[in-house]
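Keeping their order, the protein sequence lines are chains A and B.
Note that the numbering used here numbers the first sequence so that position 372 is 435, with each residue one more than the last.
Note that the numbering used here numbers the second sequence so that position 16 is 17, with each residue one more than the last.
Honestly, the hints are just simulated from the structure, not real lab data.
Check before you lean on any hint, since a few could be wrong.
Going by beta-carbon spacing under 10 Å, a handful of chain B positions derived as facing chain A [said to hold, decoys possible]:
id: 1; residue: Ser14
id: 2; residue: Leu171
id: 3; residue: Thr273
Each residue gets a CB set at the ideal place from its N, CA and C atoms; glycine is no exception.
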Amino acid sequence: MLFNSFSYLWFLPLTVLLYYVLPAKRRWILLLGASYYFYMCWKPEYVILIVASTVIDYIAGIGIERSETKGLKRGFLAASLTGNLSILFFFKYFNFFGENLQHAFDMVNIFYDVPSYHFLLPVGISFYTFQTMSYTIDVYRGKVPAERHFGRLAVYVSFFPQLVAGPIERSGRLLPQLRREVRFDPDRAASGVQLIIWGLFKKVVVADGLAGYVNTVYFDPAANSGFPLIIGTIFFAYQIYCDFSGYSDIAIGSARLLGIDLMKNFDTPYYSKSIREFWGRWHISLSTWFRDYVYIPLGGNRVKVSRLYINLMITFLVSGLWHGANWTFIVWGAIHGVALIFSLATEKNRERLAAFLGLSRLPKFHAGLKVVTTFTIVCISWVFFRADSMAHAMLVFEQMLLFDLGNFGIESAQGPFYFVTAVASIVVLELIQLAMRGGVFAGRVRAIRPAVRWGLVYVCLMAIVIFGTHDVPRQFLYFQF
Amino acid sequence: MKNTPSISRFVVSVVMLFALVAASSIAIIKTVPVVGHDYFATFSTKHSRLWSLEGPKLVIVGGSNATFSFASEVLERELEVGVVNMGLHVSLGMQFMLREVHGKIAPGDIVILSPEYEQFVGEYMYGDHVLGELVLRETRALAFMETPSQFLQVLTALPIVTRNAVISNLHPDRVLDPMYLTSGFNKYGDIEISMPAKTGGKLRFPALRPEDLNQEAISSIAEFSRRVRAEGGECFLSYPSVPDTMYRRNAAFFSRLHTALSAERDIIILGTPAEQTHPDSFCYDTHYHLRTKAMRIANTEFIAKRLRNHPSYLVHTRESAAKPISEDPPIIHAGS
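This is chain A alone, in the form it adopts within the complex:
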């Protein structure tokens, strides 16, 4: 079931209504049933994987807590991680590693056919696997107690608003919220609805509106050399941002209707002045996950500089691999890793250079320059993210460098009208985001009389109806991860 489908328009209000009608102690049953139904709408049999992960972590959590020796605790943790990662590896990475192994065998003339399996990648497997793993690790670290209520843990693993594309919630935040009795709060619910509509706007108007142009130029880079590919890449940057942050907004808004707060996942990342800042504002739930469960266990920044760089690189390579079983994603992660290491290594020199060039006296210009530079690096990395293969990505770069104006790719955008509307959607997005920065806008909106506020929501909904892409509900890009 997609957030941008009519089915969700029935499913969510019905779930919310039943949720508040039911006694608080029984609500977990509804949430669990709704979450499993939500997932099973896509491919029913794969719900078994979620159940398996839940069972593994339920047993492991209690086992860790009850164990008196460190060795036994470690054993339970290892069993949980092995179980979860095995499922993830089998469904997501088996063929990728198999193909690469096959290439390696072929190169050294070893005649062995590495087996491969063809099945559909379970939607959201990377998200819920990471979420459930964080629970067991946190129990092991003594940060959270083991959850004794199996049903509640099952809701934590499968909570439908964030099941298939995050935010990846920590048990320390979500489980206590599932335990407490929630009363209906109209203001909170209204803000949830508004967030859902804002997310829909990002997805249906901006992301899906840009998808046509992006798909056309990336489908045949040879026919769209130069400028159209540059524009296409910038459009893709906005497409993926609006697609993913739109999903997160709908998820957070949906959970808010149920009285549950999910963590913020995006914070206008394209205003970042460095790659480090970018990762503090892009897919925050994933970057903090990697910080807490990969980077810090590797030693974090309390190590020698060379080791710090290695830790960063490992973290970003794993992050790339998390996104997909393809070399393009690994390279995407590597670009971010290299850019971050470079920025750390040259920080002082760059400050000196800025002072020498007089940029320190023009702080706004300097900040703008940093934003543009960061955005350019991010866009370069997006080429690999969007491309189907390394060869495809290299072809895109080759064609880009031809600097052919190519009629601005207007032909690819089905004429000037669609090109103008695509650009206009980005401008509107940025204006609204600028207004919303720092929570000032939200405060102002709250201060408006409810009738006027609902009037604004009506205008936003009409904009979605008129300027959205509705013919085929497009799947969210991050579902594939």
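Based on these hints, arrange chain B on the given structure of chain A.
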């Protein structure tokens, strides 16, 4: 339960908001009609022809496959009957298509039912948002809707049609595909024009799985055939012509379907799926749209020949000739 009053107020606000959006959308659709692609406008033309044809007539029922693969003048010439091609769009669903001709069959009439293969798979026969789009553009289509799921499609289509209405007016000079304009149709309801050899994109052939066969689609056709017969007409099922690649990929499904349809005594089938294939290059933008009029004529000649030689057709025409044909125009029981 302490929450009930505030929930009620909130629910009422949200429902009112969405009702307002729906009402505004309908107001837009009705005051700002879609400019350009007026393919669905032929719905009225086809129904007018179905109403007005006197004497024994031949009615072609199907999706766009019927529109893009029949040359009705061939049937008119060879069988000496008036012809109306009711084909419009596969996604209207067979349930709706069959309903459209209920009660409009007079003694001596012939129905050629040519549903796309997809109609026999999963939920296809119930229609999707395209059905809603038709209803919002041509309100008279409401008369042929019967199930709640069909009405739900109107809601699904509301934003699509609203958007098309506004965008088509903001951007009236966009390039339009002539095959989706009313001017592309002839008086029978067939697409008249020939399309260029180069297609808009690569053809995509669906993978139809035998296990997804919807038995209800077959039962509906049997029921429809019985009804037509009760009204004094006769119904023949003709498989749509598909490209060779599509046939090869789905041979197992076609075989299963043919066996299931043949098992129904009330369904009269003209030929087999294997006999209704053509080279891939004959297709324009989908596997059912034949590019040129010559291809459509050839396809129709094949069907006409099969029909003329079919024993049921011979019996039907002989019986019809023996009975006096009513001078009154057929009574329309829309939605009955």
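Ser14/B was flagged as interface toward chain A. Is the shortest Cβ-Cβ separation under 10 Å? With Cβ-Cβ at 7 Å, under 10 Å, it holds.
Chain A contact restraint on Leu171/B - CB to CB distance below 10 Å: Leu171/B check passes; min Cβ-Cβ to chain A is 7 Å, inside 10 Å.
Under the criterion of a CB-CB separation shorter than 10 Å, is Thr273/B in contact with chain A as hinted? violated (32 Å)
Checked against the numbered hints given earlier, this structure breaks only hint 3.
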